[in-house]
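When we follow my numbering, the leftmost residue of the sequence shown carries the number -17, and every step to the right adds one.
Hints were generated in silico from the structure; no laboratory data involved. What you are looking at is a predicted structure, and each value in this text was computed from that prediction instead of being measured. Any given hint could turn out to be false.
Lysine-lysine pairs mimicking PhoX-like chemistry, simulated, CA-CA at most 25 Å apart [stated by the list, open to error]:
no. : residue 1 : residue 2
1   : K(-14)    : K27
2   : K35       : K(-8)
3   : K27       : K(-13)
4   : K(-10)    : K35
5   : K(-10)    : K24
6   : K35       : K(-13)
7   : K(-13)    : K33
8   : K(-14)    : K24
9   : K35       : K24
10  : K(-14)    : K40
11  : K30       : K(-14)
12  : K40       : K(-10)
13  : K(-8)     : K30
14  : K35       : K(-14)
15  : K(-8)     : K27
16  : K33       : K(-10)
17  : K(-8)     : K40
18  : K40       : K(-13)
19  : K24       : K(-13)
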Amino acid sequence: MLTKKFFKTKDETEVTFEFNRSDVTTAALVGDFNDWQAIEMKFNKNSKSFKTKVRLPKNGVFHFRYLLNDSEWENDDQADQYLANEFGSENSVVLTTP
């Protein structure tokens, strides 16, 4: 889930991505903001969830998904939007507009 957006500078927004499901052992964030290259998410024992932070340009629209257990794609249940992708499903979308 998108837990928070912090408008770091006049040009950047820091977005915290978080995913929690009991059967997941590994999670990665994958998005168009980095050419769909996986960013490993770290497991937080206190919240029992996977988290990562990414700085993105302000006033942007970015598609992303989570890759779970190296084989399962999942959307964010609190994404700002969902848009169709070329694979017949949808991507999660984060908006970085204040």
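Quick rundown of the hints versus the structure:
no. : hint          : in the structure
1   : K(-14) to K27 : 19 Å, holds
2   : K35 to K(-8)  : 18 Å, holds
3   : K27 to K(-13) : 22 Å, holds
4   : K(-10) to K35 : 12 Å, holds
5   : K(-10) to K24 : 22 Å, holds
6   : K35 to K(-13) : 9 Å, holds
7   : K(-13) to K33 : 13 Å, holds
8   : K(-14) to K24 : 17 Å, holds
9   : K35 to K24    : 10 Å, holds
10  : K(-14) to K40 : 14 Å, holds
11  : K30 to K(-14) : 17 Å, holds
12  : K40 to K(-10) : 9 Å, holds
13  : K(-8) to K30  : 33 Å, violated
14  : K35 to K(-14) : 10 Å, holds
15  : K(-8) to K27  : 33 Å, violated
16  : K33 to K(-10) : 18 Å, holds
17  : K(-8) to K40  : 8 Å, holds
18  : K40 to K(-13) : 11 Å, holds
19  : K24 to K(-13) : 18 Å, holds
Against the hints set out earlier in the document, violations occur for numbers 13, 15.
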